[in-house]
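2 protein chains.
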Amino acid sequence: MVKKPRLLPPKSNFPEWFDQVMFLAEIADFTYPLKGCGVWLPFGWELRNNIFNVMRRLLKETGHGEVYFPLLIPEGIFMKEAHFIKGFENEVYWVTHGGLKELDVKLALRPTSETPMYHMFSKWIRSHADLPLKVWQLVNMFRYETKATRPMFRLREVTSFKEAHTVHATEEEALKQVEQAVEIYKRFFDQLCIPYIISKRPPYDRFPGAKESIAFETILPDGRTLQIGTVHYLGQTFSKAFNIKFLDRDGVEKYAYQTCYGVSERVVGSIIALHGDDHGLVLPPNIAPIQVVIVPITFKEVPGVEEYSKEVYEKLKNHFRVELDLREKRPGEKYYHWEVRGVPVRVEIGPEEMRSKTATLVRRDTFERIKTDLDDVVGKIEELFNDIKSNMENRITSWFESMVKKAETFLSLSGEAKDAVYHLIDENGEFKGGVVEVPICGDVECEMKISKFVDILGEPWERVGEVKGMCICGKPARKIVRVSKQY
Amino acid sequence: MVKKPRLLPPKSNFPEWFDQVMFLAEIADFTYPLKGCGVWLPFGWELRNNIFNVMRRLLKETGHGEVYFPLLIPEGIFMKEAHFIKGFENEVYWVTHGGLKELDVKLALRPTSETPMYHMFSKWIRSHADLPLKVWQLVNMFRYETKATRPMFRLREVTSFKEAHTVHATEEEALKQVEQAVEIYKRFFDQLCIPYIISKRPPYDRFPGAKESIAFETILPDGRTLQIGTVHYLGQTFSKAFNIKFLDRDGVEKYAYQTCYGVSERVVGSIIALHGDDHGLVLPPNIAPIQVVIVPITFKEVPGVEEYSKEVYEKLKNHFRVELDLREKRPGEKYYHWEVRGVPVRVEIGPEEMRSKTATLVRRDTFERIKTDLDDVVGKIEELFNDIKSNMENRITSWFESMVKKAETFLSLSGEAKDAVYHLIDENGEFKGGVVEVPICGDVECEMKISKFVDILGEPWERVGEVKGMCICGKPARKIVRVSKQY
Numbered sequence: 001m002v003k004k005p006r007l008l009p010p011k012s013n014f015p016e017w018f019d020q021v022m023f024l025a026e027i028a029d030f031t032y033p034l035k036g037c038g039v040w041l042p043f044g045w046e047l048r049n050n051i052f053n054v055m056r057r058l059l060k061e062t063g064h065g066e067v068y069f070p071l072l073i074p075e076g077i078f079m080k081e082a083h084f085i086k087g088f089e090n091e092v093y094w095v096t097h098g099g100l101k102e103l104d105v106k107l108a109l110r111p112t113s114e115t116p117m118y119h120m121f122s123k124w125i126r127s128h129a130d131l132p133l134k135v136w137q138l139v140n141m142f143r144y145e146t147k148a149t150r151p152m153f154r155l156r157e158v159t160s161f162k163e164a165h166t167v168h169a170t171e172e173e174a175l176k177q178v179e180q181a182v183e184i185y186k187r188f189f190d191q192l193c194i195p196y197i198i199s200k201r202p203p204y205d206r207f208p209g210a211k212e213s214i215a216f217e218t219i220l221p222d223g224r225t226l227q228i229g230t231v232h233y234l235g236q237t238f239s240k241a242f243n244i245k246f247l248d249r250d251g252v253e254k255y256a257y258q259t260c261y262g263v264s265e266r267v268v269g270s271i272i273a274l275h276g277d278d279h280g281l282v283l284p285p286n287i288a289p290i291q292v293v294i295v296p297i298t299f300k301e302v303p304g305v306e307e308y309s310k311e312v313y314e315k316l317k318n319h320f321r322v323e324l325d326l327r328e329k330r331p332g333e334k335y336y337h338w339e340v341r342g343v344p345v346r347v348e349i350g351p352e353e354m355r356s357k358t359a360t361l362v363r364r365d366t367f368e369r370i371k372t373d374l375d376d377v378v379g380k381i382e383e384l385f386n387d388i389k390s391n392m393e394n395r396i397t398s399w400f401e402s403m404v405k406k407a408e409t410f411l412s413l414s415g416e417a418k419d420a421v422y423h424l425i426d427e428n429g430e431f432k433g434g435v436v437e438v439p440i441c442g443d444v445e446c447e448m449k450i451s452k453f454v455d456i457l458g459e460p461w462e463r464v465g466e467v468k469g470m471c472i473c474g475k476p477a478r479k480i481v482r483v484s485k486q487y
Numbered sequence: 001m002v003k004k005p006r007l008l009p010p011k012s013n014f015p016e017w018f019d020q021v022m023f024l025a026e027i028a029d030f031t032y033p034l035k036g037c038g039v040w041l042p043f044g045w046e047l048r049n050n051i052f053n054v055m056r057r058l059l060k061e062t063g064h065g066e067v068y069f070p071l072l073i074p075e076g077i078f079m080k081e082a083h084f085i086k087g088f089e090n091e092v093y094w095v096t097h098g099g100l101k102e103l104d105v106k107l108a109l110r111p112t113s114e115t116p117m118y119h120m121f122s123k124w125i126r127s128h129a130d131l132p133l134k135v136w137q138l139v140n141m142f143r144y145e146t147k148a149t150r151p152m153f154r155l156r157e158v159t160s161f162k163e164a165h166t167v168h169a170t171e172e173e174a175l176k177q178v179e180q181a182v183e184i185y186k187r188f189f190d191q192l193c194i195p196y197i198i199s200k201r202p203p204y205d206r207f208p209g210a211k212e213s214i215a216f217e218t219i220l221p222d223g224r225t226l227q228i229g230t231v232h233y234l235g236q237t238f239s240k241a242f243n244i245k246f247l248d249r250d251g252v253e254k255y256a257y258q259t260c261y262g263v264s265e266r267v268v269g270s271i272i273a274l275h276g277d278d279h280g281l282v283l284p285p286n287i288a289p290i291q292v293v294i295v296p297i298t299f300k301e302v303p304g305v306e307e308y309s310k311e312v313y314e315k316l317k318n319h320f321r322v323e324l325d326l327r328e329k330r331p332g333e334k335y336y337h338w339e340v341r342g343v344p345v346r347v348e349i350g351p352e353e354m355r356s357k358t359a360t361l362v363r364r365d366t367f368e369r370i371k372t373d374l375d376d377v378v379g380k381i382e383e384l385f386n387d388i389k390s391n392m393e394n395r396i397t398s399w400f401e402s403m404v405k406k407a408e409t410f411l412s413l414s415g416e417a418k419d420a421v422y423h424l425i426d427e428n429g430e431f432k433g434g435v436v437e438v439p440i441c442g443d444v445e446c447e448m449k450i451s452k453f454v455d456i457l458g459e460p461w462e463r464v465g466e467v468k469g470m471c472i473c474g475k476p477a478r479k480i481v482r483v484s485k486q487y
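If you read the sequences in order, they're chains A and B. All residue numbers for the first sequence refer to the numbering used here, where the first residue is 1 and numbers rise by one. All residue numbers for the second sequence refer to the numbering used here, where the first residue is 1 and numbers rise by one.
Intra- or inter-copy, both count: the list cannot distinguish identical chains.
Pairs of lysine-lysine residues, derived as DSS-like cross-links and limited to a Cα-Cα distance of at most 25 Å, are as follows: (1) K101 with K86; (2) K60 with K317; (3) K86 with K452; (4) K134 with K80; (5) K60 with K334; (6) K35 with K123; (7) K101 with K147; (8) K485 with K35.
Read the hints as simulated data drawn from the structure, not as lab findings. Quantities reported herein were computed from a predicted structural model and do not represent experimental measurements.
Based on the provided sequences and hints, a complete structural model is requested.
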């Protein structure tokens, strides 16, 4: 009896499915009595750490130093850049009391660390020899969300905010850094099997103070897009506000150019949401907290199975994150326990395997069973890991590609904006899911009209060919924008 | 010319020495414009991570699950246990505003996580099968310190608070856990070459709500003791306040027994303070961010040294955290750079080493030079690491032991308390440094008298032999207490 995994959770019950998997796989507990704040449980936290260790390696390879900046930001420093204040004034938590005393200076909980970092950068940077400066940190951060919060996706305490900040001598170098950041994120999401599109946000939707904002979006099973990473070119906005100047080779003091880029635990949520099935989590082997579980199938009449399982464990333990499950439970219960947690390969060891010095491997992604000799078991599992990773990539990519459509025009035959976005919205005005690339003329007015029905993600980051088709206003289109519904 | 390291910073200039090493080795920057908050720099943060990864392994081996609990604690939960409120009411930061709005419920920044954790434990624990529960986290925490703050040692944002919390069915099991916690900390500090004494705190100096508090103390170069770890037996204080009950095997619902134990970045500060010398940091090889640095000594007339250095690098790179320093600087500058950062072994490669296919190794702890064949270099460095660790342990232990003295009586000949503590305080009333173990009768009154002059650390945790000598009151002594000056 081979189980049949259903590829993706149907969008109709995605939210319930997600909450149930979070609970059953012991990822996190969001019954903490504060909206938008949750408790990470050991299995979930290990998954989170494995994921961010992928990022840690990528950032180390590309010359980023890991730092830690204070959580608390004095009001005077927080209030130095006008766009920034405006962007965050409704979202910042303020500490006003220490003990029973009112503080002289209010302290903001970091909603992101531009202000404390750039204050310090202005002390650290004196000359061109101090540039480029590239640092990052993995920290908790806070937003007083007024929208409905969602575990992993919209939080008041974001526990896993990875923010990188760089400073450069020239605009050219800073723009190159933007490209490197995009490359790093591509490699990151590729290693996690998360499909994405990359869009340049429209000017009215940029990060406060940014000259350019680039966003990575994935699509969740209910068809909505989720922003999973952003890269911002800041130009000299902050270097002027925070006085980040350097003495250049030509003896002239100049303001520096800056970039910043971030991701959060939304990546953890995305992996869960995109790859999970009716049996629970399905995890890419490289980040699975437990990669292999050995389940002995013992019978009173046949001694030695447990001993043989230990022999198998000894063979595997230096190669994989492996668990030998010797609990006093029926095999079926154990299968269920580890399937929910997405363990990529289960090793079943019964009397038959013991007798023939073999092992039966079961893939979590397809439930396919493979018999192997004990001598080949390490190599066979490594091979399976590669197959599992490719299979996960292929099936999610083909689904993802089917969710991103192109339209020849934003206008339908009837000429009304309402059914123009026919790929996304059905005749009853319901969102159908996915992303559509539509041609527009480029006038903000037209985008505003469109944004009454759908969210505008922005232009594709990658170069697009010749633009064809007609804008909503009837003029020939000059560019492409992506539209969808965002989380 | 062999350099001669001075073993320990003289206590007269310890604070300046410490601040200078923090600056030169790029550990942290405490010029952040908020008292008691600092910025960890990349080298310091890597050191910090290596140190806490030692703890992570120890806690994993002993069955502790790593979790993450929210920073923000709603006032109602924070205020559930009376001793706890009293202990922390003067030290807690309160968030009162979200954006421009006043919050309905004030939120505390965690000063420690008993209250949020135990609130959740009461939901998680239903039966004896859920016990023991053993979790820990590494988080930032906040205390509104009114005393003078000190980098690493007394902070308002403690960035690296490792707190473990356990729940048990019986008092006996909880007390066994206390012993395991003490064992874990011993192994932790041993691996870091930090010497310590373990004392039972007197009842008036316990953690708020605890039945017993056990503290690890080291001694800093200025002779003051620094609390570097605590283990608390909580009994049922919190289980009753937070309603942590379980259905026992006998069908009766019972309150659980609890423990908690913590350390912080004081361990990082201690390693720096205790092992550093006039040339900067000296780090145990197991936690050094860079374990080996290769410095080529090149001459225009002798080509090939850089290539040979790369060959050496290739030999070492899979065994150690190794850096090949190819910067355009003089070797002397490079030596200085890496000595300040405490790199345990420097590999010097010049024309002579190239010719003879050898390498010259220089130990950071003694500056001893050792020549080795290229073929033996990996084994030789491993050997040196062991020697360096033992040497660091031996020299710090002998110093530490010389700082802990025993007294036969607390009374001097003159009978005045002032000079009774002659080991600690000189004739001018100045603190001389170290710890003294003195006999006392056990009455709180006598302890209070003593505490006017020195701080009472408590009784030794280890069993002591027969107690001899006289108390300050003239009665025969019944126990031993340790006294000192604390940070």
